[in-house]
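If you follow the hints, you should be able to join the two separate chains into one complex; please do so.
Chains as they are written, first to last, in the numbering used here: chain A, 16 to 129; chain B, 379 to 492.
Since the hints were made in silico from the structure, they are not lab data.
Cβ coordinates follow ideal geometry from the N, Cα and C atoms, glycine included.
Treat the hints with care, since some could be wrong.
In silico DSSO-like cross-links for lysine-lysine, where the CA-CA straight-line distance does not exceed 30 Å [what the hints assert, rightly or not]:
1) K64(A) / K449(B)
2) K64(A) / K83(A)
3) K83(A) / K449(B)
4) K128(A) / K73(A)
5) K57(A) / K435(B)
6) K64(A) / K387(B)
7) K392(B) / K57(A)
8) K392(B) / K435(B)
9) K449(B) / K387(B)
10) K73(A) / K83(A)
11) K83(A) / K387(B)
Anything over 10 Å on all C-beta distances counts as not near chain A; from chain B, calculated [to be verified]:
12) V390
13) K392
14) Q395
15) S396
16) N406
17) S409
18) E430
19) E451
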Amino acid sequence: AQSVTQLDSHVSVSEGTPVLLRCNYSSSYSPSLFWYVQHPNKGLQLLLKYTSAATLVKGINGFEAEFKKSETSFHLTKPSAHMSDAAEYFCVVSEGNAGNMLTFGGGTRLMVKP
Amino acid sequence: NAGVTQTPKFQVLKTGQSMTLQCAQDMNHNSMYWYRQDPGMGLRLIYYSASEGTTDKGEVPNGYNVSRLNKREFSLRLESAAPSQTSVYFCASQLESGVTYEQYFGPGTRLTVT
Chain A
16 AQSVTQLDSH VSVSEGTPVL LRCNYSSSYS PSLFWYVQHP NKGLQLLLKY
66 TSAATLVKGI NGFEAEFKKS ETSFHLTKPS AHMSDAAEYF CVVSEGNAGN
116 MLTFGGGTRL MVKP
Chain B
379 NAGVTQTPKF QVLKTGQSMT LQCAQDMNHN SMYWYRQDPG MGLRLIYYSA
429 SEGTTDKGEV PNGYNVSRLN KREFSLRLES AAPSQTSVYF CASQLESGVT
479 YEQYFGPGTR LTVT
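Looking at chain B on its own, in the form it has when it is part of the complex (with noise of 0.2 Å):
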């Protein structure tokens, strides 16, 4: 098992420009989320998505657009990208067993917007 994995691991835009965060895991999981990791600040939800074909905003989804492509791929866009937006993302997906969960992290996408 690959577990969570992420493309591509580092991404440098210019303000402007648009770009697709990739995600996909082989856990067979319902449940996908998207993070951003930003200095001092832990993890923040940006979007989820609980099931194939459902999507629902997070704490922070002002500027990004998600797809679940299928129960394995959970996408992440950007359609026009800000500074503020140069984070660390996260993708995880959520093992589901009776009344207990744990979320899988991939390793990361360090994005850089100048």
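Just chain A, with the same shape it has in the complex (with noise of 0.2 Å):
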């Protein structure tokens, strides 16, 4: 079975400052990893993907995560926060089983300080 959990439920940070978003996750097999970015009464939006390639994964909006199997994580972080950045997160993994479910987070609230 897979689960991943999100350290923290808020973050907060002043704009022009580094951004780390933390997540673990447990898998029984290789898995693909994501995060989401979703900001108030929107939908989700990819903003990037790990699947078995380059363990450092850059995404959209200045984001990266790095992939570290030793310490089964996946954080989140971007140098500089911008006030738009401010959003929910979800980290998610993916076994690739059958109809390949996705195994979200509870989220991380991300406020940004002008």
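Given below as structure tokens:
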């Protein structure tokens, strides 16, 4: 069985400072991992994905994540936060099993202060 | 391309009423999914359809039925709504390209059951 734990339910940063959103996963297989972003009252948008290629994955809007198998982590980072980054972020794991079911973490709400 | 569309955007039901949530995608994807999102819990899979004519249960299927009407459309039906089904419902379809895959989400339907 697969599971995802997002270690912080809320993260607050000042504009222009680095962002770190933490994610740990559990999987019986070689997983695929994703980060999705959800702005208020909107659907989910894919930020980036890891599918067993390079362990450092670059996504949209300056975000990146590093897959660390030894630590079972897939933390999301950005060097400099922008006000428009304020949103809910979801770490997601998939084992590519029947139907490719995704398992979502509980989400991290990122707040960006001016 | 409209991507994944959902109707309605909002709905209020009384306990015991029935309704169908509609979802359509114009990306020629084989797989489609229905999720619900509750506060603090991320998204949970209700049902999915790996191809036209097939459907399978996800993590939380009780109280729901689905129909994969054709390749484009995947509907979710609540036969007798309960307050516990108050949630935001998201439909998704999946791009499958070789060993990579990616789910695209609709804008969601906010359902309140009183």
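For each hint, the structure was consulted:
1. Among the hinted pairs, K64(A) with K449(B) is consistent with the structure: their alpha-carbon atoms are about 26 Å apart, no more than 30 Å.
2. A distance of roughly 14 Å separates the Cα atoms of K64(A) and K83(A); the hinted pair therefore holds under the 30 Å criterion.
3. A C-alpha spacing of about 38 Å is found between K83(A) and K449(B), which places the hinted pair above 30 Å, so the restraint is violated.
4. A C-alpha spacing of about 24 Å is found between K128(A) and K73(A), which places the hinted pair at or below 30 Å, so the restraint holds.
5. Of the supplied pair hints, the one linking K57(A) and K435(B) holds, its CA atoms being roughly 26 Å apart against a limit of 30 Å.
6. Proximity of K64(A) to K387(B) is assessed by CA-CA distance (about 28 Å); at most 30 Å being required, the pair is judged to hold.
7. A C-alpha spacing of about 25 Å is found between K392(B) and K57(A), which places the hinted pair at or below 30 Å, so the restraint holds.
8. The hinted pair formed by K392(B) and K435(B) meets the criterion: a straight-line CA distance of about 25 Å does not exceed 30 Å.
9. Between K449(B) and K387(B) the CA atoms are separated by roughly 22 Å; this keeps the pair inside 30 Å, and the hint holds.
10. Between the alpha carbons of K73(A) and K83(A) the distance comes to roughly 15 Å, so the proposed pair stays at or under 30 Å and holds.
11. In summary, the hint linking K83(A) to K387(B) is not supported, as the alpha carbons are separated by about 39 Å, beyond the 30 Å threshold.
12. Against chain A, the non-interface label of V390(B) holds: every CB pair exceeds 10 Å, the least being about 17 Å.
13. Distance check for K392(B) against chain A: the nearest CB is about 24 Å away, which clears 10 Å, and the non-interface claim stands.
14. With a cut of 10 Å on Cβ distances, Q395(B) stays outside the contact zone with chain A, its closest approach being about 24 Å.
15. In this structure S396(B) is separated from chain A by more than 10 Å, as the shortest Cβ-Cβ distance comes to about 25 Å.
16. Remark: the non-interface label on N406(B) is consistent with the geometry, its nearest Cβ contact in chain A lying 17 Å away (cut-off 10 Å).
17. A cut-off of 10 Å between C-beta atoms contradicts the statement that S409(B) is not in contact with chain A; the least separation is 7 Å.
18. No Cβ of chain A comes within 10 Å of the Cβ of E430(B); the nearest lies about 14 Å off, and the non-interface call holds.
19. Annotated as non-interface, E451(B) keeps its C-beta farther than 10 Å from every C-beta of chain A; the closest such distance is 18 Å.
When held up to the earlier numbered hints, the structure conflicts with 3, 11 and 17 and fits the remainder.
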